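**Student:** The primary structure of each chain is shown beneath.
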Amino acid sequence: MTQEKIIIDVGDGAAIPSKKDMGLFSAWRISFCGAIVLLIYLVISRPDPYLKIVKFLPDGIIVTFQVTFFSIGLALIIGLITGLGRISRNRIANAIASTYIEVIRGIPLLVQLFYIYYALGRFVRVPDMVAAVIAMSVCYGAYMGEVFRAGIESIDKGQTEAARSLGFNRTQTMFYVILPQAWRTILPPVGNEFIALLKDTSLVSILAVADLLRRGREFAAESFAYFETYTIIALIYLLITLLLSKLVSIMEDRLNYYGKF
Amino acid sequence: MTQEKIIIDVGDGAAIPSKKDMGLFSAWRISFCGAIVLLIYLVISRPDPYLKIVKFLPDGIIVTFQVTFFSIGLALIIGLITGLGRISRNRIANAIASTYIEVIRGIPLLVQLFYIYYALGRFVRVPDMVAAVIAMSVCYGAYMGEVFRAGIESIDKGQTEAARSLGFNRTQTMFYVILPQAWRTILPPVGNEFIALLKDTSLVSILAVADLLRRGREFAAESFAYFETYTIIALIYLLITLLLSKLVSIMEDRLNYYGKF
Amino acid sequence: TDATWPPMEFVNADKEIVGFDIDYMKAAAKEGGYQVEFKSVAWDGIFGGLEAGKYDAVCSSVTITEERKKTMDFSMPYFKVRQALVVPKESNATTLEEMTGKTVGAQIGTTGYFAIKEMEGIVAKSYDEIGLAMEDLFNGRIDGVVCDDPVAAQYALQREDYKAKLKIAAVLDTGDEYYGVAVKKGNTEVLDLINKGIQAVEEKGLANEFRAKWIGQ
Amino acid sequence: MENSEPIIRIENVTKRFGHLKAVDNVSLTIKTGEKVVIIGPSGSGKSTLLRTINRLEEITSGRILVDGMDIMDRATDINRVRMEVGMVFQNFNLFPHKTALQNLTMAPVKLKKIPRQEAEKNALRLLKKVNIAEKADVYPTQLSGGQQQRVAIARALAMNPKIMLFDEPTSALDPEMIGEVLDVMKTLALEGMTMIVVTHEMGFAREVADRVIFMDHGAVVEEGTPEHFFKNPTHDRTKLFLSQIL
Amino acid sequence: MENSEPIIRIENVTKRFGHLKAVDNVSLTIKTGEKVVIIGPSGSGKSTLLRTINRLEEITSGRILVDGMDIMDRATDINRVRMEVGMVFQNFNLFPHKTALQNLTMAPVKLKKIPRQEAEKNALRLLKKVNIAEKADVYPTQLSGGQQQRVAIARALAMNPKIMLFDEPTSALDPEMIGEVLDVMKTLALEGMTMIVVTHEMGFAREVADRVIFMDHGAVVEEGTPEHFFKNPTHDRTKLFLSQIL
Ligand SMILES: Nc1ncnc2c1ncn2[C@@H]1O[C@H](COP(=O)(O)OP(=O)(O)OP(=O)(O)O)[C@@H](O)[C@H]1O
Ligand SMILES: Nc1ncnc2c1ncn2[C@@H]1O[C@H](COP(=O)(O)OP(=O)(O)OP(=O)(O)O)[C@@H](O)[C@H]1O
Ligand SMILES: [Mg+2]
Ligand SMILES: [Mg+2]
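Residue numbers (this note's numbering), protein chains in the order written: chain L, 1 to 261; chain F, 1001 to 1261; chain B, 2001 to 2217; chain U, 3001 to 3246; chain C, 4001 to 4246.
Everything labelled a hint here was simulated from the structure, so no lab data went into it.
Keep in mind the model is a prediction, meaning the values are calculated, not measured.
Heads up, the beta-carbon is just placed ideally off N, CA and C, and yes, glycines get one too.
Check the hints yourself; a few may be wrong.
In the DSS-like style, the derived pairs of lysine-lysine whose C-alpha atoms are separated by at most 25 Å in a straight line are [said to hold, decoys possible]:
#, chain 1, residue 1, chain 2, residue 2
1, B, Lys2080, B, Lys2026
2, B, Lys2070, F, Lys1055
3, C, Lys4098, L, Lys157
4, U, Lys3162, U, Lys3031
5, F, Lys1052, B, Lys2185
So the derived list for chain L, only partly shown, Cβ under 7 Å to chain F, looks like this [claimed, not checked]:
#, residue
6, Ala15
7, Leu24
8, Ala27
9, Arg86
10, Arg105
11, Val111
12, Phe114
13, Lys199
14, Glu222
15, Ala225
16, Tyr230
17, Ile233
18, Ala234
19, Leu242
Construct the complete structure from the given sequences, taking the supplied hints into account.
**Tutor:** So this is what it looks like as structure tokens:
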């Protein structure tokens, strides 16, 4: 009857449909099919405004993906460095990495975006997209840092000992032995963060980066079809994240069944 | 050498400083003291604009807290219902709860805010604060639903069997036996979601709700003191979330040491 | 420019930034012999971006005010507006004073917002975009919106669905305002070019042509 | 102890888990006041059979009558049946957020609407009976396994059941605690309670049981008095099992 | 086998974990080619002592010389020392993301810059030596424990070490696999490798060891030849331990 501590994990990405969770598994289908059917129905039944809206948005989707990809790439690099800092025995590196995580996670992303975009704009001159990507990746780097740290710490200590006793130094051990194993643990949460990041790129619309949401707002501002526009935008985001979450779920299955190691 | 599956959990709230994680523990101190010292230094050394900014913001902070409290309250109720739906053997209730979670988590909060605020504004007329609270709690209710589900599922099946064999029906078992035990598991993630929600209330500033961020933006737009204003805003959010994360951490410790059951 | 301010500047169905200001600046550029490129930027950071050098000039229905002159330089005025109050059809308010106790919206950081904020007894609400304020007015969340009169006219008189419900109650006695193009303080190089262009456009009387095209009367 | 009305009637009961027949066409009749001990190897379906009696497991086919009520009948309020059938689990399953006393009073107060004071008086009486009155205000985690199991027995008794089911009540206990739980069960038996006990404690079976039932692969292989069982069992499987366990 | 130059010198070495002295003022000299078996009860500091030799544990005080190099000296490149000291762990610790062959070639290729082809040739030779050449392209998870441990030994040998340390190499193995690992170790011993082996396999100790060391509470209690040890040990603690283990 000793209750062990149970940690509840609700990621900020999408709900990943897994075969273990039949509820979500079938909910994924309902949502996905529902969204597609609704989208097609709207476009066909009322081309004005729905078809117009759909035609207006594609370059916004591209921008959304661009921001997402560049940000996740940069965030992975920042995350790796931060994660290594967090497990470092060097007190200063450790303190810097930990404080970075603590501070970034303590400030709303939107405030960070404003800050990096406008306030720091005083000192460095960068294009909008770059500023947006920097802001997103600085923020997500902190989360990725924790993902990397946990991933690295999940590898058995014996691996490090074996590598060190063969003569590998710390860095070599990390890159030849630990990280190549850690990616399996890291990949699913990275997939999840990817989806969360994609959703959060909607915030860059505030910065006049012409992403999906911004495009929609522009259309709505001109046509006053708020309801219709936001319906389409919500459907598009939903379809994208549902597809991505399916991908993550397939990836997780692969990792679990893939017997290679 | 069989690797068990390790799940990495990086919540979307603040980084909770725990005594087990010395890095974050001391980072919390560095961040907190640093933020306070910086805030005081700025206000004293350059009252114009910093003191002005600080004086301008208090009612914004109050609005931020109001939105947060009402939203978390409502989200808890929605979450409980959703969580119960998710574990329900009634297929329809289960499908509705799962689909709600899947859909809500698939759409960016900002888009949901716009949608609920403007698009649905055509059909129902509600004050902006109410609309903001509804939007926030509809979104967070989905996350809370997963927290409740996990919390309920963490309780040993034997508890249900014991209660049922005494003659309690399903509902009685849930409310007299399961939930009173589940809150211990649920409380820490709820604390975490609370912080995440507080940060996300910054998004309601987009809806012209006069929260902390909106107040700051108004000040900045008029005074052009962007850098200074966003610095103060970031510091205030940081201080609030750091304080709250400390609270959550203290609460977790209490729950762990508190031997009552 | 903040392209959410029809008819002065906005994005049309072909995703082009168009409007009075745009045509005006294009003409001025032609006259002044320089190239312009328009960039859509959110209003409440538009001057921050200017200062940060993300662009050289702001041509976005910027009213020349003393306050603003402290932080940036303005071109010669090129357009005159007044602030207008838009209210629902059934309202009988005709001045801003009569809106006491009511909630009035305006775009963040505009002269319209400054006007309502200074008014005792009015609950001022700031929006990111004027269209969002109009939508809230349309949906009954607020009781009035203050903005530049051409914009007010665009919303209250042009749009089918709005026309049925909204009207311009009054042009406010906050005095005439003049639009100018803002540049970073001390950036005389750009300022001179712009002034030269505006001068030429005014001399040719092109402004009236644009007015007719975008604003009507 | 040989009253003749049967209080439990199990008729051709089968319980499947997927392809597995955990209980395979079992028929049994248990009379009021009878003490039945079920033995058998692990996985033979003892727990499953026991749990079908208060419908913790729903049967796949067959019929079960408890005190005249068909428990699979839709018209039967299963919660009323369960109030008449007390159950004691291997893992005690006390409510950890309630004190020992509260564990006992909860069901009577909430379900039978007995006034709290009266329920507490009765609870204290039962705790005395299981020799643990001094721990009334203690939470389960502060009790030893044997103490917890005794509280669990008292909790079941607090509902004043006509039948008590025990599923290996001592097998999660350290050896030194088994005795104190068996003593409580023996007292209960002497008082005439109808009891069905799944256990590996052969001493208890010999001393208390009116009838011993041996199960294997979901079926009842052999039944009889303890004397019959421990002196000359008929079936080879029973012999094998007894030789391993004794 | 009695060459006289000492290849390892352990001088007054103490290792503390907080208040606990895991190794308590131990001095030892090990000659080239010597085979030393360390025995002792659990927690006596055997593993810790072994691990100080290649600085997997940093010593608190004392001095350790390996092949003339002071391993705690800042001027010493500890990774050079480690290349000369092979280590085999209880849990094998093979790299699961590499095949058996790659496990062997990785260190020589990356650290000694040996051409891949040459390294692979050498690796295959070693896999043959440990009787597992046919599993060269298999990943560790598909190997049995005994096979994994043999690959682990070959991996250590691939760096061409002068000394081999074994920390209970057979105690995570099922009994039927212990022999195949011990055989490999015996072969290695016959070839003249300097070996320090922590093990509970007394047969191996008797057959292979030049010297047996008994540790308790972090200290060396007794040392001597296997004959001395198993026939007439001096200390009571040694006797007690041997009586339990044999
Ligand atoms: N909920 C369930 N789902 C699937 N199979 C089950 C379930 N419960 C029991 N079984 C299976 O039914 C069979 C009978 O199980 P049961 O627990 O009744 O055996 P038992 O005789 O009580 O064994 P033990 O002495 O180990 O408690 C076993 O094969 C078991 O694996
Ligand atoms: N990293 C560590 N931190 C703290 N204490 C440790 C650590 N490693 C070992 N110890 C302690 O040091 C003592 C010696 O441990 P060691 O592993 O060397 O014993 P051993 O003789 O190898 O035992 P075994 O036969 O169980 O492997 C033990 O009390 C152990 O708990
Ligand atoms: Mg059982
Ligand atoms: Mg050891």
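**Student:** Now, for every hint given, state plainly whether the structure supports it.
**Tutor:** These are the hints, each one checked on the structure:
1. Note on Lys2080 (chain B) and Lys2026 (chain B): the hinted pairing holds, with a Cα-Cα distance of about 19 Å set against a maximum of 25 Å.
2. For the given pair, Lys2070 (chain B) sits about 23 Å from Lys1055 (chain F) by alpha-carbon distance, which is consistent with the 25 Å threshold.
3. A C-alpha spacing of about 17 Å is found between Lys4098 (chain C) and Lys157 (chain L), which places the hinted pair at or below 25 Å, so the restraint holds.
4. Only pairs whose Cα atoms come within 25 Å are accepted, and Lys3162 (chain U) paired with Lys3031 (chain U) is accepted, the gap being roughly 11 Å.
5. For the proposed pair Lys1052 (chain F) and Lys2185 (chain B), the alpha carbon gap of about 24 Å is at most 25 Å, so the pair holds.
6. Checking Ala15 (chain L) against chain F: minimum C-beta separation of about 5 Å stays under 7 Å; hint holds.
7. Interface restraint check: Leu24 (chain L) against chain F, minimum CB-CB distance 5 Å, threshold 7 Å, status holds.
8. The interface hint given for Ala27 (chain L) is met, as the beta carbon of that residue sits about 3 Å from the closest beta carbon of chain F, less than 7 Å.
9. Below 7 Å, beta-carbon pairs count as interface contacts, and Arg86 (chain L) has one with chain F at about 6 Å; its hint therefore holds.
10. Given the 7 Å rule on beta carbons, the hint for Arg105 (chain L) holds: about 5 Å separates it from the nearest Cβ of chain F.
11. Among the interface hints, the one on Val111 (chain L) holds; its C-beta lies about 5 Å from the nearest C-beta in chain F, closer than the 7 Å criterion.
12. Restraint check, Phe114 (chain L) versus chain F: the minimum CB separation of about 5 Å is within 7 Å; hint holds.
13. The interface hint given for Lys199 (chain L) holds, since its Cβ lies 4 Å from the closest Cβ of chain F, which is under the 7 Å cut-off.
14. At its closest, the beta carbon of Glu222 (chain L) sits 15 Å from a beta carbon of chain F; the interface hint therefore is violated under the 7 Å criterion.
15. The restraint placing Ala225 (chain L) at the interface with chain F is violated, with a minimum CB-CB distance near 10 Å, outside the 7 Å limit.
16. At a threshold of 7 Å, the smallest CB-CB gap from Tyr230 (chain L) to chain F is about 4 Å, leaving the interface hint in force.
17. Taken as an interface hint, Ile233 (chain L) checks out: its beta carbon lies about 6 Å from the nearest beta carbon of chain F, inside 7 Å.
18. For the restraint placing Ala234 (chain L) at the interface with chain F, the shortest Cβ-Cβ distance is roughly 5 Å, inside the 7 Å limit, so the hint holds.
19. A hinted interface residue such as Leu242 (chain L) counts as satisfied when its beta carbon comes closer than 7 Å to some beta carbon of chain F; here the least separation is about 5 Å, so the hint holds.
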